[in-house]
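Visitor: Please put together the full structure from these sequences, using the hints given.
For the sequence shown, counting from 1, position 23 maps to 4 in the numbering used here; every step adds exactly one.
Heads up, some of the hints might be wrong.
[To be verified] Quick list of the computed label-pair ranges, beta carbon to beta carbon:
no., residue 1, residue 2, range
1, Lys188, Gln142, 18 to 28 Å
2, Asp205, Asp68, 40 to 50 Å
3, Met217, Asp173, 13 to 23 Å
4, Glu20, Glu81, 18 to 28 Å
5, Gln114, Lys151, 20 to 30 Å
Hint data in this document are derived by calculation from the structure and do not stem from the laboratory.
Note that beta-carbon positions come from the ideal geometry of N, C-alpha and C, so glycine has one too.
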Amino acid sequence: MWHTARPASSQRYLHHRVPPRRGQNEECQVATKDDKVQEALQILLRLQLPLQSDAFLATLDQAFPDVPDPRTSTRLLSGLARRHAVDMALAALRWHEMSEYELNSFHYGAVIDACAKTGTWTKALELFSVMSQNRIESDTPIFNAMISACEKAGEWERALQLFRVIVQSKGETNAITFSAAISACEKGDEWDKALWLFNDMAAHEVKRDVVSFGAAISACEKGDKWEKALQIFGSMAQ
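Guide: Right, dumping it as structure tokens:
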């Protein structure tokens, strides 16, 4: 899906793409770029253009006649993601690649986060795979979003696989990482695995929060492990 040829009618905009110039009015340039992002967002969301149409691609071409800088692109993708326009964000991500723009973890992370929040875990996994193929390093927020996407979809096994990947690669884990994995196991009725993750937080020097406590207690409750649930509840005050 990531190597779609750009429609011929949109090719005419490509020769206008030149690296952004540094001017003395840098603040004005930033404001102008923000305006372009907002304008593009409004057009795309209002018109609901077909995602593979010439009009969709031309809208982005005209909004960004110069090669967009990383922050501008992230704002565009994040703006679509915040509005849960996942398919549109994915199409905008493809537009960047077709424009031979170098994507980074922030761009993918914005869209993966949207996929996580909307439960479209298969699309999140696909993006994660593309990042790996393009040798773009995944950071903790991306792993957290991926695990959360799997958790919302009831894919506890995939959530655990991702958790193991970040641990084995010695990546940084935090309360969100563990809580999402514990919740995934809780939803999958895997109380023993949820409890293992909960206990493992101390080994990684990660402070337990209300979400991790709640997910672990809920997992024990589903497994009829009332004594363990009470023990965890009692340890909350410690």
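Visitor: Run every hint past the structure and note whether it holds.
Guide: Evaluation of the provided hints:
no. : hint                           : in the structure
1   : Lys188 with Gln142: 18 to 28 Å : holds (25 Å)
2   : Asp205 with Asp68: 40 to 50 Å  : holds (42 Å)
3   : Met217 with Asp173: 13 to 23 Å : holds (21 Å)
4   : Glu20 with Glu81: 18 to 28 Å   : holds (23 Å)
5   : Gln114 with Lys151: 20 to 30 Å : holds (22 Å)
Violated hints: none; the structure is consistent with every hint.
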